[in-house]
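If you read the sequences in order, they're chains A and B. Counting along the first sequence from 1, when you hit position 230 you're at 222 in the numbering used here, and nothing is skipped either side. Counting along the second sequence from 1, when you hit position 156 you're at 139 in the numbering used here, and nothing is skipped either side.
One should not assume that every hint holds.
As the list claims (entries may be wrong) - No more than 20 Å apart at the CA atoms, straight line, and that leaves these computed lysine to aspartate or glutamate pairs for DMTMM-like:
no., chain 1, residue 1, chain 2, residue 2
1, B, Lys(-14), A, Asp101
2, B, Lys415, A, Glu119
3, B, Lys177, A, Glu204
4, B, Lys415, A, Asp101
5, A, Lys227, B, Glu454
6, B, Lys(-15), A, Glu209
Unchecked claim - Short, incomplete list of chain A residues facing chain B, as computed with Cβ under 7 Å:
no., residue
7, Ile39
8, Glu119
9, Gln170
10, Gly187
11, Gly196
12, Pro219
13, Pro230
Read the hints as simulated data drawn from the structure, not as lab findings. Backbone N, C-alpha and C fix where the C-beta goes; we use that ideal spot for every residue, glycine too.
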Amino acid sequence: MAGSIHDGRPVNPNTGKPLRQRSQPGYYPGFSTLSQKDFWDDATRRIVLARLQNIPSIRFFSPEEVELVTAVCDRILPQDDRDDLHKIPIVNCIDERLHENRLDGYRFDGMPTDQEAHRLGLQGIAEVAQHMFQRRFVDLSPIEQESVLETLHDGDPPAGHSIWQRMPVSRYWLLLVQDVVGAYYAHPFAWDEIGFGGPAYPRGYMRLEGGEPEPWEVDERRYEWAPPPGSPSAKFTPVGGSSEHKGSPGQGSTH
Amino acid sequence: MKKPFGGSFGAPKHEDHMLGARQRIELPMRRYGNSEQVDYCIVGVGSAGGVLLQRLARAGFSVVGLEAGPFWDTERDWVSDEAGSYNLYWNELRITGGKDPLALGANNSGRGVGGGSVHWAAFTPRLHPSDFRVHSEDGVGVDWPISYQEIKPYYELLEKEIPVSGPAYFPWGDPHGYPYGPHPMGGCGDILVKGCTRLGIGVSIGGPVAILAGSHGDRPHCIYRGFCIQGCKVGAKQSTLISHVPDALAHGAEIRDHCMVSRILLGKDGRVTGVRYFNSNGREVEQKAKATIVCGYAIETPRLLLNSACPGHEAGLANSSGTLGRYLMAQAGNVVLGRFEELVRMYKAPPAHALTEEFYETDPKRGFARGFAVQTVGPLPISFARQMMVAKGAWGWGMRQVMMDYNHWGAIALLGEILPWEDNRVELAAEKDDNGIPVAKVTFNLHDNDKKMIEYGKNKVMEIMQAAGAEEVVQEARYAHLVGGARMGNDPRTSVVDRFGRTHDIPNLFVCDGSVMPTQGSANPGLTIQALAARTADYLISQRSEVFTRSTRSTTQPPIRYDLSPPGTWGKGVPRLT
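Bound conformation, chain B alone:
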């Protein structure tokens, strides 16, 4: 067998902290004292927390991010290996129940700087304009307090910052194009294109994904190794760890890793004074801050606010509405697997690289409100075996037999809109974690509209798989993503935060992550979460010190700040659409 030029590949011979194959940052960073009152304390440095940290630091605020997981060195910590990527996920105990319980952990929960964006597949479709008016248009769910037009400039900005590869013309929702060209196709993309084309269904190829089709600054382009959801060692797939955190640190932000926040602290004046957390030595300490932003995602954010209950806020902080933890959503993510006579080898290329949104909007003929997308996935052997365990009931010799045909199978998946329901929620369980903090209990039930959507959508995806020429088609029911639990709204009686993420109850406490989303559409939530974070950051920056002292709240959206993007954002081409 051939050897690499210059011998076996080894670890980089330098002391720098690596973020991808070529990007290195110098640590240590700026450090604040616990008793030093910083401007902003951010709880959770994931998709939203990373963007907020970068924006606020660039604007000159003192800001500390507390992250429960590690600050990754990608060369040291990440591997091209399924089982070896265990530590990327939030694997601590949570209780999952209800009639249709959700799988958590690797399925939807990140841990460590970058959060879920470290292990997302990086599909980045926008929400459609209709998603913001679901109740007005379809009489289900709830309207957002903002319109598509208000978030649109932030979609456009983040698509350049992170940046997104995809077609020059993406036809669904509000049509637009992408700054980096589409990726070459892999086996599952070819299947989706073939099946859709034979059925007359439009399909987008090569994106939109936050994976580089060409090098970008110190980030190399994709090498098509297929381990996207195991963490991109290349640095081609975006995470806030590599797109925003380096710029945040360069502008004076501090990130404390291995710090688990246990409680948000409330002062006598009804304002938040900071947080209490277990530091990396396991000691419980406090950080003072003029304002606090919780960015813990749809389960840990409600859990922290519920665990911060105190006199006057017995049901949890920011929960006067009683909606904290409620209206939790996951998307239907049924995986449809097809066996082909010819080889597919679906482990190559990013799992995410082609999709159709032809079924996204409500179609009264289908008998349910809202819709779904169909996307490529690319399960690696362990995931595939676990899918076969359910989809075919495989075990024993049957498992060995179907796995020997792994390279003959391809996979595409449903991504369907499940509506927000009051009974789908996060509460506190009786069990506690290693720090003695009560863990989350998640309850999830499908409702009638959801079941009809899943049945129709699943059958449509199977039809596409058959049209592509599969000789055997099976499917596994599953869910993808999590949003909701601290939803935004104009009415303090029915929502937790306002249109900018400020809690209705406490003027210097904010929530910014997927939990604020009132509905979810059939788009993967990662881009929307980052766009909302950039929008909240612009709002906070425009308020200057008013957030720290005043209780009045402005509800006017400030102009977008184009001068706060990380380096390398500008000068990239986006075809102009007229």
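Just chain A, with the same shape it has in the complex:
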């Protein structure tokens, strides 16, 4: 399963050719939440602009860990279709959370601290990569890297057993994925990609029903794309394998 340079890119399903990189993937071309920043309140503007302008430096992960966790995050939330100017920083956000010990308000009984869990998890991923491909995770092709991570998602990693005995693999998987998506979908580039209107105080929204856009939002314009052929992450399967993973309650606030 040798990797080619393009096998990380999504493709046009009709031609099978890799899509060109875009400044803004997604179905809302021209939509920019940042273009509305003069309508936001000061405090919100400051905190959102800081995500573009003040990317925190690495203080928690070691240089070796940074190399590995960067490669992992690049597969948990791939950005191969984004041009270099519009990639969203993820590792720095996770590093900042762990360095500042910003907890989510709880730790599952029997789990190590979030910091230790992330460190252990990276060791586990490295061991699975060695076991499956006899190479370092960072040297694998994107598809190979995904197939390593898929074993964690499925709750059945073939190596690193001493680590998974200390930390249930599905709990680590959910911790990792929720940290990664928490960084990506906090970024205004991601809001533009998915057509989320973003901050709206003090102006508010006025077109509430029927999915209609505000005057400053844009209509959806879909195009066909498909994940890279053979990508394990394109399948939707339950976390923890066929039996639905139990005992992992939803994280955010709803009602």
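Please build the complex by placing chain B on the supplied structure of chain A, with the hints as guidance.
Frame of chain A, contents of chain B only:
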């Protein structure tokens, strides 16, 4: 792109402390000395603490509220942003375990003046009359020591004070109407209405929610921006921070923020003398008080009482029954997500704006006791991505793909009654917080009736989503809210506090928050917590100084005080129901 009139929106150019877009208060407030013995010390200024503080101050008592989190300036501190709202929640370490562990933090725990009411979605249904007689009617759980009729006038009063928007006629439980009109619908409300209507299920639209459909005093109406649970910068959604705290301060109450109470102090005479706490400088000091009311919610209240163990009270203060920390409850809150061919854009409008209580009461045909409600939710992108992580097992390209369809998805949720069980509890963990105080360990297990309810309820919500026309329906198991842990009851052997929140064991120590609830129904607890606080306040005020000196306890409910409400409560219309 167009610019706002007069240029970019900036911070307000004045020195006042802002509570919402138009409400400003003058600080400093009245200050008491640590050695000055105040009448009441309130631990935790949240949903209950805020109401108590306001009532007691208005009635002329000297009262100090100690709050672990900050006194928010909403213009400075709050943002229209998911990740940026991190500080609204109680994010300090707690250990969560059991067979069905609860998520804590952002899911159910507030920190800062206003407490959980700062980040609630603001659904305000009442409990039903049957909720107070669960054991008598269904043979499960336990009866409340009070009836619906005893709390009803406080529901009516708080619905005007906070105030509540909703339909003129709300048909479930004890039918009633709301003082502010219903809100316009958003995408998820339309889905709930469509699905329910096709299945012949009645549905309430535009409320009941504690979100203003029209301006109220110095609070503007809702602007439908959808960031309710990130803290309402507008001031349209109620929190006690904006509805009761300003009036409390105007009547001489003091709030000390960034003050973490570590211990309740017991005197030689078996009465509480005050509290010890870490002040905003991290120094441990004491506040003397004639009576103390713990309002820390279902986890921090038991934790504080357990951490206050002392000779004669080795198992924790007010724990002679052994029930302190037990009978903790969360509601089943499974979120059902549906993908539609057309766009929904569920980030607009308050997440809470339509619900049905058609399945609230016990139906023997369903094979379990009690029931559930179905309500709108409106997850923003980060929450939605985390739901998809579980509901579809999404990651990698699958995550990117489903998130690009964010605007095609809508969400509605179960709110189901989980019964009180002795083994669901708060204890102390071996771990300690930064102040060296042992943290809480929470254990949660679903029991047979709970599992049957969740299975039935989840399927019913999915059926509604399908009937609304969703082409794909998935769900994520989760829980919402917390109550119990210091339940009220008439029998000191099986409960922690009496019908007014006074601990059975110590005559001048009270608990007033969600932890006193013996059962929870399928109603969001916020309104009930505030109504119970107003009722406890009336009781305390009617007792005058007897609470401070006597050990005898009156169990008679005093008449409701209609003269202690914040300004602007009266003259609002509630359609009269006959």
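Outcome of the hint check:
{"no.": "1", "hint": "B/Lys(-14) <-> A/Asp101", "verdict": "51 Å, violated"}
{"no.": "2", "hint": "B/Lys415 <-> A/Glu119", "verdict": "33 Å, violated"}
{"no.": "3", "hint": "B/Lys177 <-> A/Glu204", "verdict": "18 Å, holds"}
{"no.": "4", "hint": "B/Lys415 <-> A/Asp101", "verdict": "14 Å, holds"}
{"no.": "5", "hint": "A/Lys227 <-> B/Glu454", "verdict": "18 Å, holds"}
{"no.": "6", "hint": "B/Lys(-15) <-> A/Glu209", "verdict": "12 Å, holds"}
{"no.": "7", "hint": "Ile39", "verdict": "4 Å, holds"}
{"no.": "8", "hint": "Glu119", "verdict": "20 Å, violated"}
{"no.": "9", "hint": "Gln170", "verdict": "5 Å, holds"}
{"no.": "10", "hint": "Gly187", "verdict": "5 Å, holds"}
{"no.": "11", "hint": "Gly196", "verdict": "3 Å, holds"}
{"no.": "12", "hint": "Pro219", "verdict": "3 Å, holds"}
{"no.": "13", "hint": "Pro230", "verdict": "5 Å, holds"}
When each numbered hint is compared with the structure, violations occur for hints 1, 2, 8.
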